[in-house]
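Throw the hints in and build the complete structure from the sequences for me.
For the record, the sequence lines run as chains B and A. Letter 139 of the first sequence, counting from 1, is numbered 139 in our numbering, and no numbers are missing. Letter 160 of the second sequence, counting from 1, is numbered 160 in our numbering, and no numbers are missing.
Errors might be hidden in some of the hints.
[As the list claims (entries may be wrong)] The list that follows gives simulated cross-link-like pairs (lysine to aspartate or glutamate, EDC-like), each with its CA atoms no further than 16 Å apart:
#, chain 1, residue 1, chain 2, residue 2
1, A, 210, A, 61
2, A, 210, B, 244
3, A, 227, A, 22
4, A, 66, B, 237
5, A, 41, A, 118
6, A, 66, B, 102
7, A, 218, A, 15
8, A, 80, B, 74
9, B, 258, B, 227
10, A, 50, A, 61
11, B, 36, B, 59
12, A, 41, A, 167
13, A, 41, A, 77
14, A, 203, B, 251
15, A, 171, A, 158
16, A, 39, A, 77
17, A, 203, B, 244
18, A, 160, A, 15
19, A, 171, B, 74
20, A, 66, B, 101
21, B, 132, B, 74
22, A, 39, A, 170
23, B, 132, B, 175
24, B, 68, B, 182
Simulated from the structure, these hints should not be mistaken for lab results.
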Amino acid sequence: MPAKSFVVETIKRNQIVELLSKGKRSDGRGLSELRKLEIKTHVIEKANGSAMVKLGNTEVLAGVKIDKGTPFPDTPNKGLLIVGAEVLPMAASYLEAGPPDESAIELARVVDRGVRESEMIDVSSLVIKEGKWVYSVFVDVNILNVDGNLFDATSYAVVSALLTAWMPKFVLENDVVKNTGEKMPLPVHKVPISVTIANINNTLVLDPTEEEEAIMDARITLDTDDDGNLCAGQKGEPGSFTPEQIITAAEWSIARGKEIRQQIKEAAGHA
Amino acid sequence: MDENGIRTDGRRWDELRPLKIEVGVVKNADGSALIEWGKNKIIAAVYGPKEMHPKHLELADRAFLKCRYHMAPFSVDERKNPAPSRREIEISKVIREALQPALFLEDYPRTAIQIYVEVLQSDGGSRVAGITASALALADAGINMRDLVVGCAVGKVDGKIVLDLNDTEDKEGSGDLPYAFMPNLNQVTLLQMDGLFTFDEFKQALELAKVGGMKVYKLQREALLRKYFSGGGPETSTGSAEMMEEA
Numbered sequence: 001m002p003a004k005s006f007v008v009e010t011i012k013r014n015q016i017v018e019l020l021s022k023g024k025r026s027d028g029r030g031l032s033e034l035r036k037l038e039i040k041t042h043v044i045e046k047a048n049g050s051a052m053v054k055l056g057n058t059e060v061l062a063g064v065k066i067d068k069g070t071p072f073p074d075t076p077n078k079g080l081l082i083v084g085a086e087v088l089p090m091a092a093s094y095l096e097a098g099p100p101d102e103s104a105i106e107l108a109r110v111v112d113r114g115v116r117e118s119e120m121i122d123v124s125s126l127v128i129k130e131g132k133w134v135y136s137v138f139v140d141v142n143i144l145n146v147d148g149n150l151f152d153a154t155s156y157a158v159v160s161a162l163l164t165a166w167m168p169k170f171v172l173e174n175d176v177v178k179n180t181g182e183k184m185p186l187p188v189h190k191v192p193i194s195v196t197i198a199n200i201n202n203t204l205v206l207d208p209t210e211e212e213e214a215i216m217d218a219r220i221t222l223d224t225d226d227d228g229n230l231c232a233g234q235k236g237e238p239g240s241f242t243p244e245q246i247i248t249a250a251e252w253s254i255a256r257g258k259e260i261r262q263q264i265k266e267a268a269g270h271a
Numbered sequence: 001m002d003e004n005g006i007r008t009d010g011r012r013w014d015e016l017r018p019l020k021i022e023v024g025v026v027k028n029a030d031g032s033a034l035i036e037w038g039k040n041k042i043i044a045a046v047y048g049p050k051e052m053h054p055k056h057l058e059l060a061d062r063a064f065l066k067c068r069y070h071m072a073p074f075s076v077d078e079r080k081n082p083a084p085s086r087r088e089i090e091i092s093k094v095i096r097e098a099l100q101p102a103l104f105l106e107d108y109p110r111t112a113i114q115i116y117v118e119v120l121q122s123d124g125g126s127r128v129a130g131i132t133a134s135a136l137a138l139a140d141a142g143i144n145m146r147d148l149v150v151g152c153a154v155g156k157v158d159g160k161i162v163l164d165l166n167d168t169e170d171k172e173g174s175g176d177l178p179y180a181f182m183p184n185l186n187q188v189t190l191l192q193m194d195g196l197f198t199f200d201e202f203k204q205a206l207e208l209a210k211v212g213g214m215k216v217y218k219l220q221r222e223a224l225l226r227k228y229f230s231g232g233g234p235e236t237s238t239g240s241a242e243m244m245e246e247a
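Structure below.
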């Protein structure tokens with residue numbers, strides 16, 4: 001059920017739509033322009049990796065915890081990589097504590113899909129003993145302040161936190177898993193970048209603010225990898241796109257993705 | 001896929017699995033449809049417009065659309081826990097959002113319209129099959145609609161873009177792209193994607209999904225006509241889509 005109750009007054013809505021019809025946005029950005037993106041890594045000492053991301057006024061914090069775990073029965077030779085996201089009740093006036101609603105579940109699953117499908121982490125190298133012991137990589141995200149485009153902000157935080165994460169070195173001794181106390185970097189192969197585009201009254205805008213999201217007809221999130229391939233996608237909200245708009249969204253995602261990837265790599269010391 | 005481009009179940013790259021649709025299968029529901037698509041067996045049922053519960057969530061200017069996608073415990077190889085999983089919650093949301101653009105919800109203020117999608121047996125592409133059946137159930141319930149919504153998935157198997165993945169191809173292939181659209185309005189209402197697609201493959205996949213979807217639309221329309229105009233639809237439409245094309 002749509003629990004979102006952020007309200008945009010009709011006069012404001014009309015203003016946004018009118019500006020968009022002239023190709024302008026209410027915050028002065030270009031249609032395919034990202035808000036200011038700030039990334040700070042190594043913010044939580046007790047996590048294996050962490051990142052604080054600010055995208056305009058949207059603020060999210062991601063932390064990585066890595067331990068030994070048991071593999072899923074259908075993938076005995078692969079480590080675990082699980083992304084979770086929680087929109088904290090402090091993040092907006094209309095939110096309340098409670099189990100995650102369908103929007104929060106969709107958010108976590110879409111971010112997880114982007115990281116998983118790009119094969120960012122080589123999970124097949126995260127095995128201690130096949131079928132029995134593997135490394136488990138949990139990335140949990142707290143959303144601290146909501147101002148639109150949680151999908152991308154969350155994804156950037158997850159990717160930045162993983163890029164800076166270390167893992168403990170486990171060895172097998174007499175069939176018992178032992179922590180050697182050594183640290184190793186995570187086997188990172190790719191840097192997936194999520195780009196979300198909203199359709200407002202048949203105008204496409206990249207990185208929508210909360211105001212824009214409140215009046216959008218539909219949104220589409222497309223993830224790209226380092227080679228410019230598309231690796232995950234999700235259309236959401238009860239509106240639609242023309243096929244041509246989807247192609248445009250893919251072009252924007254590929255082009256903007258390159259710049260954002262560079263910025264994230266630099267922030268995480270992977271340049 | 002073998003060297004002749006024939007898939008594990010004997011289909012060509014642009015061929016649909018056998019598809020059979022029947023409208024009006026749940027007596028108590030205001031509208032319903034059964035779809036059998038490959039090994040998928042899915043019932044969609046619609047109740048409403050009816051009174052909204054809980055009352056405080058009713059909308060003053062339109063109907064509240066609810067959707068529940070659920071898989072039966074026996075629908076998959078290993079028994080599925082009947083409690084709704086995170087996957088089912090997400091799919092319920094995207095199915096609802098795929099159907100909503102087609103509905104004139106503003107015609108039914110302060111009411112609720114409930115869609116139930118029950119997967120009795122699951123194969124690849126159960127969400128798009130569910131959307132295809134749900135659109136018919138909504139039409140069968142007499143809800144005012146701009147267009148039908150038709151779902152069809154495409155994917156990537158052995159580096160090639162193929163239509164309508166089955167279960168094996170979905171699990172072992174390198175990409176899956178569920179897609180739904182309103183065929184007469186040319187509007188895309190659902191798009192999800194996982195796996196790797198180059199930009200050209202992505203464009204090709206969208207084209208193929210549309211071509212495949214139009215074949216499904218033909219069967220969808222005939223199923224509706226069959227219920228409401230006896231003799232309206234050809235009886236052969238219980239066969240595969242490919243047979244229909246030649247008919």
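Outcome of the hint check:
A hinted pair counts as satisfied when its Cα atoms are at most 16 Å apart, and residue 210 of chain A with residue 61 of chain A does not qualify at roughly 33 Å. In summary, the hint linking residue 210 of chain A to residue 244 of chain B is supported, as the alpha carbons are separated by about 13 Å, within the 16 Å threshold. Restraint check: the Cα-Cα separation between residue 227 of chain A and residue 22 of chain A comes to about 8 Å, which is no more than 16 Å; the hinted pair holds. The suggested pairing of residue 66 of chain A with residue 237 of chain B holds, with an alpha-carbon distance near 13 Å, which does not exceed 16 Å.
Between residue 41 of chain A and residue 118 of chain A the alpha-carbon distance is near 9 Å, which keeps this suggested pair within the 16 Å criterion. Between residue 66 of chain A and residue 102 of chain B the alpha-carbon distance is near 12 Å, which keeps this suggested pair within the 16 Å criterion. Distance check on the hinted pair: residue 218 of chain A and residue 15 of chain A sit about 15 Å apart at the alpha-carbon level, within 16 Å; holds. With a CA separation close to 14 Å, the supplied pair residue 80 of chain A and residue 74 of chain B stays within the 16 Å bound.
Pair hint residue 258 of chain B plus residue 227 of chain B holds up; C-alpha atoms about 9 Å apart against a cutoff of 16 Å. Between residue 50 of chain A and residue 61 of chain A the alpha-carbon distance is near 15 Å, which keeps this suggested pair within the 16 Å criterion. Note on residue 36 of chain B and residue 59 of chain B: the hinted pairing holds, with a Cα-Cα distance of about 12 Å set against a maximum of 16 Å. Only pairs whose Cα atoms come within 16 Å are accepted, and residue 41 of chain A paired with residue 167 of chain A is accepted, the gap being roughly 13 Å.
A C-alpha spacing of about 14 Å is found between residue 41 of chain A and residue 77 of chain A, which places the hinted pair at or below 16 Å, so the restraint holds. A hinted pair counts as satisfied when its Cα atoms are at most 16 Å apart, and residue 203 of chain A with residue 251 of chain B qualifies at roughly 11 Å. Distance hint between residue 171 of chain A and residue 158 of chain A is fulfilled; the C-alpha atoms sit about 12 Å from each other, no more than 16 Å. Distance hint between residue 39 of chain A and residue 77 of chain A is fulfilled; the C-alpha atoms sit about 12 Å from each other, no more than 16 Å.
Distance hint between residue 203 of chain A and residue 244 of chain B is fulfilled; the C-alpha atoms sit about 10 Å from each other, no more than 16 Å. Between the alpha carbons of residue 160 of chain A and residue 15 of chain A the distance comes to roughly 13 Å, so the proposed pair stays at or under 16 Å and holds. With a CA separation close to 11 Å, the supplied pair residue 171 of chain A and residue 74 of chain B stays within the 16 Å bound. In summary, the hint linking residue 66 of chain A to residue 101 of chain B is supported, as the alpha carbons are separated by about 14 Å, within the 16 Å threshold.
Annotation: proposed proximity of residue 132 of chain B to residue 74 of chain B holds, straight-line Cα distance about 12 Å (limit 16 Å). Simply put, residue 39 of chain A and residue 170 of chain A have alpha-carbon atoms about 13 Å apart, close enough for the 16 Å limit, and the pair holds. For the hint linking residue 132 of chain B to residue 175 of chain B, the alpha-carbon distance of about 10 Å falls within 16 Å, and the restraint holds. Using a Cα cut-off of 16 Å, the hinted pair residue 68 of chain B and residue 182 of chain B holds, with the two alpha carbons roughly 14 Å apart.
Consistency note: the structure conflicts with earlier hint 1 alone.
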